[in-house]
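The primary structure of each chain is shown beneath.
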Amino acid sequence: SAVISQKPSRDICQRGTSLTIQCQVDSQVTMMFWYRQQPGQSLTLIATANQGSEATYESGFVIDKFPISRPNLTFSTLTVSNMSPEDSSIYLCSVEVVSSDTQYFGPGTRLTVL
Amino acid sequence: GENVEQHPSTLSVQEGDSAVIKCTYSDSASNYFPWYKQELGKGPQLIIDIRSNVGEKKDQRIAVTLNKTAKHFSLHITETQPEDSAVYFCAGLTGGGNKLTFGTGTQLKVEL
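These protein sequence lines are chains A and B, in that order. Heads up: the first sequence begins at 1 in our numbering, then just goes up one per residue. Heads up: the second sequence begins at 1 in our numbering, then just goes up one per residue.
Isolated chain A, as found in the complex:
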């Protein structure tokens, strides 16, 4: 398995501002992903964070709104830009350990936009 940490654990932000969420894993992993979980809903994949190259975004998510970085095999960031109340969600980082298909999730970042 893998131990995953996220910062911040929660935040309350004003509309129009941006927040960067960090994800750190304790071992080198092949894949890192970012998910959004809206209140009371399931998980939706935002993008796959690729090391050293641009992230791969899912339909409905764009780089200008959710820029992602992955400078190395154990760290990634997700920025939620120009926030609106509709962006209030839990943002989750997950990792796949060495081509095992198995994904482990971080504790999540609970974002409230006022």
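It should be emphasised that the hints constitute simulated quantities derived from the structure, not laboratory data. Be aware that a few hints might be false.
Here are the simulated BS3-like cross-link-like pairs (lysine-lysine), alpha carbons at most 27 Å apart as the crow flies [unchecked claim]: (1) A:Lys7 - B:Lys109; (2) B:Lys109 - B:Lys57; (3) B:Lys99 - A:Lys7; (4) A:Lys65 - B:Lys42; (5) B:Lys99 - A:Lys65; (6) B:Lys99 - B:Lys71; (7) B:Lys71 - B:Lys37; (8) B:Lys57 - B:Lys22; (9) A:Lys7 - B:Lys42.
Quantities reported herein were computed from a predicted structural model and do not represent experimental measurements.
We have chain A already, so just place chain B on it with the hints.
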């Protein structure tokens, strides 16, 4: 793309009873099916998974069954305890890819 449906959305059982949650998937190429448990305020925790070359897998009080022909898989929890109360998500991984598609979740409540 893959579509995963999950039933029921809520499930209430008495402590000691069994609980069963069912999921169906659409993509016959899907070959990996994990189950996650999410407690309030926490991230999803992997509790069991099954691959398409296996029909059943068991881990203590938890078991998962897979019917590839019918494209459905189920989570079985026996001898339920109050600490089993949580939201459970099924998911499917499409063959050749790394993208998990999640079901809509089941809120399980184990009552004393």
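Here is what the structure says about each hint:
Pair hint Lys7 of chain A plus Lys109 of chain B does not hold up; C-alpha atoms about 30 Å apart against a cutoff of 27 Å. Between the alpha carbons of Lys109 of chain B and Lys57 of chain B the distance comes to roughly 24 Å, so the proposed pair stays at or under 27 Å and holds. For the suggested pair Lys99 of chain B and Lys7 of chain A, the alpha carbons sit about 24 Å apart, so the restraint of at most 27 Å is met. For a cut-off of 27 Å, the pair hint linking Lys65 of chain A to Lys42 of chain B stands: about 25 Å separates their Cα positions.
About 21 Å separates the Cα atoms of Lys99 of chain B and Lys65 of chain A, which keeps this hinted pair within 27 Å; it holds. Among the hinted pairs, Lys99 of chain B with Lys71 of chain B is consistent with the structure: their alpha-carbon atoms are about 18 Å apart, no more than 27 Å. Taking the CA atoms of Lys71 of chain B and Lys37 of chain B, the gap is near 22 Å; set against the 27 Å cutoff, the hint holds. A hinted pair counts as satisfied when its Cα atoms are at most 27 Å apart, and Lys57 of chain B with Lys22 of chain B qualifies at roughly 15 Å.
Only pairs whose Cα atoms come within 27 Å are accepted, and Lys7 of chain A paired with Lys42 of chain B is accepted, the gap being roughly 14 Å.
Hint violations for this structure: number 1 only, all remaining hints satisfied.
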